[in-house]
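Trainee: Here are the chains, one letter per residue:
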Amino acid sequence: MNRQEKAPAPVKRGWNWRIWTGFLLAVAAVPAYFLFFTRFPLTRDVPWVTWLMFAVAGWLLWVGVGRAFANSGVYRGKIAGPILAVLSLGAAVFFGYATLYASRQLPEAVSAPRVGEKAPDFTLADTRGSVVAMSTLLSEPMPGMEGQKPRGLLLVFYRGYW
Amino acid sequence: MRGIQNSLSELEREGVRPVAISVDTPDESAALCRKAGYTYTFLSDPNADAIRRYDLLHQRGGPDEKDIARPAEFLVDASGVVRWRNLTEDLRKRATPEDILQGAQLLQ
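These protein sequences, in sequence, are chains A and B. Going by this note's numbering, 103 is the number at position 95 of the first sequence; the sequence numbering is gapless. Going by this note's numbering, 353 is the number at position 33 of the second sequence; the sequence numbering is gapless.
For the record, the hints were derived by calculation from the structure and aren't laboratory data. Please note that the accuracy of each hint is not assured.
As the list claims (entries may be wrong) - Pairwise CB distance ranges (calculated):
#, chain 1, residue 1, chain 2, residue 2, range
1, A, G124, B, D369, 39 to 45 Å
2, A, R136, B, G382, 22 to 28 Å
3, A, Y105, B, K386, 32 to 38 Å
4, B, D410, A, R122, 19 to 25 Å
5, A, L95, B, E385, 29 to 35 Å
6, A, Y109, B, K386, 28 to 34 Å
7, A, R47, B, D369, 29 to 35 Å
Said to hold, decoys possible - Chain B stretches covered by chain A per the calculated footprint, using a threshold of three residues with CB under 8 Å from any CB of chain A:
#, region
8, 351 to 364
9, 367 to 379
10, 385 to 393
11, 409 to 415
To be verified - Listed below are several chain A residues computed to face chain B (Cβ distance under 10 Å; list not exhaustive):
#, residue
12, V38
13, A40
14, D53
15, W59
16, N79
17, R84
18, V101
19, G104
20, S111
21, E116
22, D129
23, L132
24, G137
25, V140
26, L145
27, P151
Note that beta-carbon positions come from the ideal geometry of N, C-alpha and C, so glycine has one too.
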């Protein structure tokens, strides 16, 4: 006699939300840092919020993919899970590269003027195109200082391209 | 630079005049000031002459391999002598207004 095996009843397998939430969290972590968390020294200098987001994302993906494989009759995501996990890992690696390596590739500026040395003079154009010398900036009265000369200049060199 | 704008009145009270310098053209700097609401002095050093004199040139550091300035801040006193400086090792980390106001105590 043939033993007839009963075909498993087609059950609708549940949506594996952990995989997708983890993936979205990992992908959102990168723009969230550069567009928002860099505004505050507390979350910018050591990006702990961003790494926390990656940690939570990693945990969600780990649990989600684990369920997809161990309990594939109930949870979906055997194909999508590993793909999204790799993409999330890629986002974390990119973030680590950008903040731990790329942003530190600055020239050393060994001959930059030191404390106690004379600051090199300069004559440069302002936003209206008028030429301004450092000596003028030091001798011209300051706004909001009732005609007094400044005690000093704060020179801020920045990368530009805004 | 946003931080400097936000603490402009404290800096002025200390007699510190902020001056931002980059390779951007005057028009580009004017557009930045308009967009971001910056009211202090922005100077344009398109050939990086002053930037080179301060040894702050970051060769091919900008887009299209353009030479630009590495980030740095200096406080220069009325006689033109450097009293405080900050050469960051990481371009994400800039001097905070608190660091600068503390440095301003070293001005004569």
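Trainee: At a threshold of 10 Å, is the proposed contact between D129 (chain A) and chain B supported by beta-carbon distances?
Mentor: With Cβ-Cβ at 7 Å, under 10 Å, it holds.
Trainee: Verify the CB-CB distance for L95 (chain A) and E385 (chain B) against the hinted window 29 to 35 Å.
Mentor: Since the Cβ atoms of L95 (chain A) and E385 (chain B) sit about 30 Å apart, the hinted range of 29 to 35 Å holds.
Trainee: Closer than 10 Å between Cβ atoms is the bar; does G137 (chain A) clear it against chain B? Give me holds or violated.
Mentor: 5 Å, holds
Trainee: At a threshold of 10 Å, is the proposed contact between V38 (chain A) and chain B supported by beta-carbon distances?
Mentor: At 14 Å from the nearest chain B Cβ, V38 (chain A) fails the 10 Å test, so the hint is violated.
Trainee: Holds or violated: is the Cβ of R84 (chain A) closer than 10 Å to a Cβ in chain B?
Mentor: 39 Å, violated
Trainee: Quick one: see if chain A covers the region 351 to 364 of chain B, three-plus residues with Cβ-Cβ under 8 Å.
Mentor: holds (count 9)
Trainee: Falls inside 32 to 38 Å, the C-beta gap from Y105 (chain A) to K386 (chain B)?
Mentor: 22 Å, violated
Trainee: Closer than 10 Å between Cβ atoms is the bar; does V101 (chain A) clear it against chain B? Give me holds or violated.
Mentor: Violated. Min distance 18 Å.
Trainee: Could you check if W59 (chain A) really has its C-beta closer than 10 Å to a C-beta on chain B?
Mentor: 14 Å, violated
Trainee: For the hint on V140 (chain A), does the least C-beta distance to chain B fall short of 10 Å?
Mentor: 6 Å, holds
Trainee: Can E116 (chain A) be said to touch chain B, with a Cβ gap under 10 Å?
Mentor: Since chain B brings a Cβ to about 8 Å from E116 (chain A), closer than 10 Å, the hint holds.
Trainee: Answer holds if the nearest beta-carbon of chain B is closer than 10 Å to that of G104 (chain A); otherwise answer violated.
Mentor: Hint violated; G104 (chain A) Cβ to chain B Cβ min 13 Å, cut 10 Å.
Comparing the model with each numbered hint stated earlier shows that hints 1, 3, 6, 12, 13, 15, 16, 17, 18, 19 do not hold.
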